[in-house]
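**Q** Could you fit the two chains together into a complex? Lean on the hints.
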Amino acid sequence: MHIYIFDYFLNQKNSAAIVAKIETRLTDLGLNGKNCHVGPLKSLKSIVKEELKNNPKTIVAVGNNSTLNQLINALDEENNTTIGIIPVGKNNSIAEAFGIADEDAACNVLSARLIETIDLGKINNQYFIASAVIDNKETIIEINGQYTIEPAGPGQTTIANLSIGENAGRQSHLNGVLKINITINTKGFIGRFSDASFIQTKHAIVNNLAHKNFIIDESLEIKTPANLSVAAQKLKVIVGKNRLF
Amino acid sequence: MFKKQEIENFKEAESIIGQSVKVEGDFIGQGNMIIEGVVKGSVSTNGNLRVGSQAKISADIAAANALISGEITGNIKVKGDLELEASAKVTGDIEAKSICVARGAVLNGKCAMINEKTKNAAQQPSAEKIEIKQEYKEADF
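Each protein sequence line maps, in turn, to chains A and B.
FYI, numbering that gives the first Met the number 0 numbers position 89 of the first sequence as 88, with every residue one higher than the one before it.
FYI, numbering that gives the first Met the number 0 numbers position 113 of the second sequence as 112, with every residue one higher than the one before it.
There's no promise every hint is true.
Short, incomplete list of chain B residues facing chain A, as computed with Cβ under 10 Å [what the hints assert, rightly or not]:
#1 A12
#2 E13
#3 I15
#4 G17
#5 Q18
#6 E23
#7 F26
#8 I27
#9 G30
#10 E35
#11 G36
#12 V37
#13 S41
Dumping the calculated DSS-like pairs for lysine-lysine here, alpha-carbon to alpha-carbon at most 30 Å [to be verified]:
#14 K136/A to K39/B
#15 K211/A to K222/A
#16 K109/B to K39/B
#17 K222/A to K178/A
#18 K39/B to K222/A
#19 K41/A to K89/A
#20 K21/B to K178/A
#21 K121/A to K136/A
#22 K201/A to K44/A
#23 K33/A to K240/A
#24 K39/B to K201/A
#25 K240/A to K201/A
#26 K121/A to K21/B
#27 K44/A to K211/A
#28 K201/A to K78/B
#29 K39/B to K178/A
#30 K178/A to K136/A
#31 K76/B to K201/A
#32 K136/A to K55/B
#33 K78/B to K178/A
#34 K55/B to K109/B
#35 K21/B to K136/A
#36 K178/A to K76/B
#37 K21/B to K222/A
#38 K211/A to K21/B
#39 K55/B to K201/A
#40 K41/A to K56/A
Since the hints were made in silico from the structure, they are not lab data.
Only a predicted model underlies this, so the values are computations on that prediction, with no experimental measurement involved.
Built from N, CA and C at the ideal position, the CB exists for glycine as well.
Isolated chain B, as found in the complex (with noise of 0.2 Å):
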């Protein structure tokens, strides 16, 4: 699924970690991501972020889409797709819009996916709750 766009989407990166290359804080970026070394603290960017199976990262991440190889401790939170490729291993929660999990990857966590209904779902309980006082009040008299 993800492979198919993979070298469009990663072909003007913006930002790329290579293998012998640590990355400690804030790592924030607005393009696309690819990362193959070390990375500590955070990393977040508006674009595509890859992690290669050489990438070791101890972060929480947020993406527009994700595809990771290497290895994350940390929680994922992604707007679109993630895929886990066979050599991922991920210690911490996940959050995407879809997800794509190969044979062989690893995952230690919570997951969770977001789509229209489950953000609608969310909103409703404060409108029911408006709902119910009403009826409790018309109830009183």
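The following block holds chain A by itself, in its conformation from the complex (with noise of 0.2 Å):
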């Protein structure tokens, strides 16, 4: 059976309409199940637990980003379920990873069932599937407990379990480690250049004298000092033909 979990900001009246019309799509595919939607007294968390009591064949989360970051989170660690996302709105980069470029995509690829198992990244007890960005300023990072590195310049450190973005290319979903991106961004004096350093690791400890946060998949915020690891072959999920790896 499928769940599909509807996340609260398409509970509006603006987004009837394509609500609508995605119910509408996976009918004629044949792949109704249950719809839930996600409330102010109804978190996704609790919709998520109850129904895996009942062991569902696919749980799959409409919405962006961030209601995909909370379903894989819900799910108790030794869960078997497949994943699925019907991406609506803004905020999509991990959808769009995966091969799925809107949401009448979605349904073919929910029909067409193509599933892959993928690492997952983790950070303090929090699962994310993309990437981890921070802030360079005071950002200190430690390698597998061998050596430190210290960003020296204005700009971001990735720490990417899955990249996506323009760069990203074709990669492997199952290599174990995680990909740390420090870009470093510079005024010379003919114009701005970026400098880039890349490690590759299992483990990493992360801490910002400054006390900022990670953002995790674009959505959620997590404190340091972050103990970031890989989770391998955590997550089965439901991709297209177009997915990044």
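**A** Structure below.
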């Protein structure tokens, strides 16, 4: 059985048309299941915990990066349920990385049911699919307890499990390592230029003396110090043909 | 010599340290490394190492092959080829199978070449000692 969890922002009147369109399309494809709507008295976490008791075949997040991140963190540690996404609105870079362009494409992808098992990143007790980003200022990164890295300029540090965006390209989704990209933006005489550093590691501890927070999956803030690692082959997801891995 | 293979060797570097980044500790890697920033401690890799002209390293270095353009204070131990470019400044001992030093490079330290003969020579003294002891024993009788 399929469970569809509609995020809170889709309860507004201006989203009613899109929600109806998605429900109709799912019915046409024979994918109708139970529709749950996140509300003021019903959090996504509580919906997931309730529905997991019925051992659903698939749980689909209807929303954006934030919806998907909340879903993966609501699942049990030993969970074996397959996850899907129907992207609606902005902030859907993870769905794009999965090869899902919009809500129409998402329904077709769910119908095709192409499943991949992916690694998840873990930051303190929170999982993330794509990346954790923090400002460079006063950031210190300790790698495997062996050495520390300190960026000495303005910019950002991205710790990626799955690289997304224009420069991502094709990549492995099961390499069991985190990719740390440090970008420093400086002004030269002619113009701006950026200096890039790159390290791969299975474990890192990041601290920020200016008390800046990590932003994971472009949606949630996590405080430092942060302990980062990889949860290998942790999640089964339904993906499209044009996925980035 | 080194430059013909340079692009191929560093095309897929596993680790890159940019100019504005500082590393402290035992910087250990498995693949190719490019260092353009500041490193203190030790640097070790099974792959190739490239030290850029802006790099400042205060560390002992161990690599398969190395191309040095920057400043190094520490000993360098390379299993294969070591090349010091014109802007290289090395204060420390170097050990490699083959060495290329460009005009203008600065090297203050000992230089040792490793090959099969020097490896065997290092192992021979123990065998000679055993033969001498046997001769003395025979002479006693």
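**Q** Now, for every hint given, state plainly whether the structure supports it.
**A** Results for each hint:
1. The beta carbon of A12/B is positioned within 10 Å of a beta carbon in chain A (closest approach about 8 Å), and the interface hint is therefore held.
2. Because the closest C-beta pair between E13/B and chain A is about 6 Å apart, less than 10 Å, the hint holds.
3. The criterion of a C-beta within 10 Å of any C-beta in chain A is met by I15/B, whose closest approach is roughly 4 Å, and the hint holds.
4. At about 4 Å, the closest approach between the beta carbon of G17/B and any beta carbon in chain A falls short of 10 Å, and the interface hint on this residue holds.
5. Residue-level restraint check for Q18/B holds (minimum Cβ-Cβ distance to chain A is 5 Å; threshold 10 Å).
6. With a cut of 10 Å, the hint placing E23/B at the interface with chain A holds, because the nearest CB-to-CB distance is about 5 Å.
7. A cut of 10 Å between beta carbons decides the hint on F26/B: the least distance to chain A is about 5 Å, and the hint holds.
8. About 6 Å separates the beta-carbon of I27/B from the nearest beta-carbon of chain A, less than 10 Å, and the hint is met.
9. This hint holds: G30/B has a C-beta 9 Å from the nearest C-beta of chain A, less than the 10 Å allowed.
10. This hint holds: E35/B has a C-beta 8 Å from the nearest C-beta of chain A, less than the 10 Å allowed.
11. Nearest Cβ of chain A to the Cβ of G36/B: about 7 Å, under the 10 Å cut. The hint holds.
12. With a least beta-carbon distance of about 8 Å to chain A, the hint placing V37/B at the interface is held under the 10 Å criterion.
13. For the restraint placing S41/B at the interface with chain A, the shortest Cβ-Cβ distance is roughly 9 Å, inside the 10 Å limit, so the hint holds.
14. Only pairs whose Cα atoms come within 30 Å are accepted, and K136/A paired with K39/B is accepted, the gap being roughly 21 Å.
15. Of the pairs offered as hints, the one joining K211/A and K222/A holds, with about 7 Å between alpha carbons and a cut-off of 30 Å not exceeded.
16. Distance check on the hinted pair: K109/B and K39/B sit about 21 Å apart at the alpha-carbon level, within 30 Å; holds.
17. Of the pairs offered as hints, the one joining K222/A and K178/A holds, with about 20 Å between alpha carbons and a cut-off of 30 Å not exceeded.
18. For the proposed pair K39/B and K222/A, the alpha carbon gap of about 29 Å is at most 30 Å, so the pair holds.
19. Restraint check for K41/A and K89/A: satisfied, since their Cα atoms lie roughly 23 Å apart, inside the 30 Å limit.
20. Straight-line distance between C-alpha atoms of K21/B and K178/A comes to about 18 Å, which keeps the hinted pair within the 30 Å bound.
21. Between the alpha carbons of K121/A and K136/A the distance comes to roughly 23 Å, so the proposed pair stays at or under 30 Å and holds.
22. With a C-alpha separation of about 28 Å, the suggested pairing of K201/A with K44/A holds against the 30 Å cut-off.
23. Simply put, K33/A and K240/A have alpha-carbon atoms about 26 Å apart, close enough for the 30 Å limit, and the pair holds.
24. A hinted pair counts as satisfied when its Cα atoms are at most 30 Å apart, and K39/B with K201/A qualifies at roughly 22 Å.
25. The suggested pairing of K240/A with K201/A holds, with an alpha-carbon distance near 28 Å, which does not exceed 30 Å.
26. In summary, the hint linking K121/A to K21/B is supported, as the alpha carbons are separated by about 25 Å, within the 30 Å threshold.
27. In summary, the hint linking K44/A to K211/A is supported, as the alpha carbons are separated by about 27 Å, within the 30 Å threshold.
28. Note on K201/A and K78/B: the hinted pairing holds, with a Cα-Cα distance of about 28 Å set against a maximum of 30 Å.
29. The suggested pairing of K39/B with K178/A holds, with an alpha-carbon distance near 22 Å, which does not exceed 30 Å.
30. Of the supplied pair hints, the one linking K178/A and K136/A holds, its CA atoms being roughly 19 Å apart against a limit of 30 Å.
31. A hinted pair counts as satisfied when its Cα atoms are at most 30 Å apart, and K76/B with K201/A qualifies at roughly 27 Å.
32. Straight-line distance between C-alpha atoms of K136/A and K55/B comes to about 22 Å, which keeps the hinted pair within the 30 Å bound.
33. This hinted pair checks out: K78/B and K178/A have alpha carbons roughly 28 Å apart, not beyond 30 Å.
34. For the hint linking K55/B to K109/B, the alpha-carbon distance of about 20 Å falls within 30 Å, and the restraint holds.
35. At roughly 13 Å between alpha-carbon atoms, K21/B and K136/A fall within 30 Å of each other, so this suggested pair holds.
36. Taking the CA atoms of K178/A and K76/B, the gap is near 28 Å; set against the 30 Å cutoff, the hint holds.
37. Only pairs whose Cα atoms come within 30 Å are accepted, and K21/B paired with K222/A is accepted, the gap being roughly 23 Å.
38. As the CA atoms of K211/A and K21/B are separated by approximately 20 Å, the hinted pair is consistent with the 30 Å bound.
39. Distance restraint check for K55/B and K201/A: the Cα-Cα separation of roughly 27 Å lies within the 30 Å cut-off, and the hinted pair is therefore satisfied.
40. With a C-alpha separation of about 22 Å, the suggested pair K41/A and K56/A falls inside the 30 Å cut-off, and the hint holds.
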